[in-house]
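K.L.:
Using the sequences provided together with the hints, build the complete structure.
Residues per chain are reported as follows:
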Amino acid sequence: MVKTIAFILLRLIATLLAVTFLTFAMVALLPGDPVDTILGTGPRPPGIEEQIRADLHLDDPFLVRYVNWLGDAVTGDLGSSYITDQPVADTISQRLPVTAQLAFMSIFISVLVAIPVGVMGAYKQSKWQDSVSSAGVQVALSIPNFIFGIFLIWLFAVKLGWLPASNWNRLSDGVVPNLKTSILPAFALALGQMAVFSRLIRSDMISTLQENYILSARAKGLSDRYILFRHALRPSSLSLMTIIGISFGALLGGTVVIETLFAIPGLGFSLINAINGRDILLIQGITVFIAVMFVIINTVVDLLYAVLDPRIRRS
Amino acid sequence: MENEIRVGRVPARHEVEGEALLVVDDLRTSFAVAAGSVKAVDGVSFELYRGHTMGVVGESGSGKTVLSRSVMGLNTSANATTTGSVLYAGDQMIGKSSKEKKILWGAEMAMVFQDPMTSLNPVVTIGRQLTEHVRYHLDMGKKEANEVAVALLQSVHIPEAEKRLDNYPHQMSGGMRQRVCIAIALACGPRMLFADEPTTALDVTVQHQILNLLAEQQRDRAMAMILVTHDLGVVAGRTDDIMVMYAGKAVEKAPTGELFAHLRHPYTQGLLWSIPKVTQAKHTRLNAIPGRPPNLIDPPSGCKFAPRCAYAQDICRVEEPTLRSIDTPDHVFACHFPVGTPEGEEAFARNVASDYPPALAAVGKLRASEEVVG
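Protein chains in written order, with the numbering used here: chain A, 1 to 315; chain B, 316 to 689.
Note that these hints are calculated values from the structure, not bench results. Just so you know, nobody snuck in bad clues.
Here are the computed lysine-lysine pairs in the DSSO-like style, where the Cα-Cα straight-line distance is at most 27 Å:
hint, chain 1, residue 1, chain 2, residue 2
1, B, K458, B, K478
2, B, K411, B, K354
3, B, K411, A, K127
4, A, K124, B, K416
5, B, K354, B, K416
6, B, K414, B, K457
7, A, K159, A, K180
8, B, K354, A, K127
9, B, K414, A, K127
10, A, K124, B, K414
11, A, K124, B, K411
12, B, K478, B, K457
13, A, K124, B, K354
14, B, K416, A, K127
15, B, K457, B, K416
P.N.:
So this is what it looks like as structure tokens:
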């Protein structure tokens, strides 16, 4: 166990070094001068440009800046935004709960829909139920999530008037107001995922149903539903676990479009603003944070394999 | 300890005798494939009495596994068709919906499968696999079912039974797993047990134990049992009757003693010869039957065994023999030139004289087996 944890930590550190270095390098290569961004286009007092450069160590060589930043980051200081002067760590801690909640909800919705659909597709393989769900999956995959988001806004906010079209109520404002603003974007994000998840369960399930132990379960006279959900589902959900982990990580940084569409103050929203404004430290901070989350989530997925399959557990 | 466990009903002795539990008539199962229709079971009939054991013997591909699954009604692949009649305790199985069959499966009739390494679910505890159908069929609570499970594990001689309930299959050896599979099959007290090559995947030493266990349980519970195997040696001392299958058909059927005393079908003879003997010299060639089982999509006309048979004559390649008997009515076989009859001897001699390869091969085997005996 100690060895496993040490290995996980080592992998985490290596990944983070690579990620921070690469993002630092890429941001440095971006055209545009941060000083121009900070000062805007108005008249500049003489000498201020040089002062900013000195304050922010912009004239230091790339590697020196990277090492300095890394040293601060280890102590939890991710620097402050050039533009708003707000500490990057504060921005992240404000924005993260919003995006994490969206990601979690959309994964939850996807899995909730994908399991019955995928299991039925496998159980009724090549029958009409399977054809219908396959067609549904094709449609779901070919609709971009922001188009689906616009449709949801049109239907539930404009036509039916049940839910607000945009904005965000924090969880601290109450669960119901929060759900009212989060359910539509979560669904918009879930559409493509549920299609992928259900296909994955279906194909894994089809091969599981060929297993001898399924035949022996049938020979015991157990009901089909019991066999599907209590015998076949668990061995058929290992690749789903992997994809859930990856999707979760991807959602943390990839909800930009939906956050913009629904005017949600999430991490993606901040990231896109930071990129537009060349707010290097903010870009850096958010990227690193997402990378950390990604690695942590994948570690959790690795541990969950053992929950699903006792053969992976070490006694 | 072993005798304490009595799950479900066990028939009294008077119930056991004299009544056919299973009457199978002209059972046919075919699988539709791209190239045509595979007739895996092609018109098999037999009766099985309560408390009796029948051995079904044949090479791989002779249809014995499909036969036992067809009797149970367990062939559910979309391309399988089963016709004929299977009367279980007077109840017609063919045409029952799977919902109706599920009432019998596990409770009345149960199956032990060939490979214990794959027939237990790797992610489900032994305890749940032992109790889930007991709870379902016998409507038992969890605690009660667990007690039954422990008793069952003890009855199949698994040490530390209580601890095993929380184990997963991968924590047990192959022999242990097959014991668990047998316990699962026995759990609801079935009257009919199908054992489909239950020892093929096991070590030789373990095979013997498992066969003894099956025999012991079958006797104690007065179950009817169908023991499917490719090894005549396995069924020799453990069955009341034997049915030899070839290319989906029963080619010889007899009470076990009668079959070994007067085997009639050249295929049965071939199977018997192919059992290696300890007394044989080292590095003796195995006496395999030459050739392979026929293609079941487009089988040869006439007797399906003719191309591999040492006794085959021209008529065998044209006219398919039907089951008949000579002097003992319960010993039937499908052969024009049966072993141990004047016609058979004559046909064999003629084939040897004309250098017919299967006959020459048989001469060698005959000599070898005689040397061993002598």
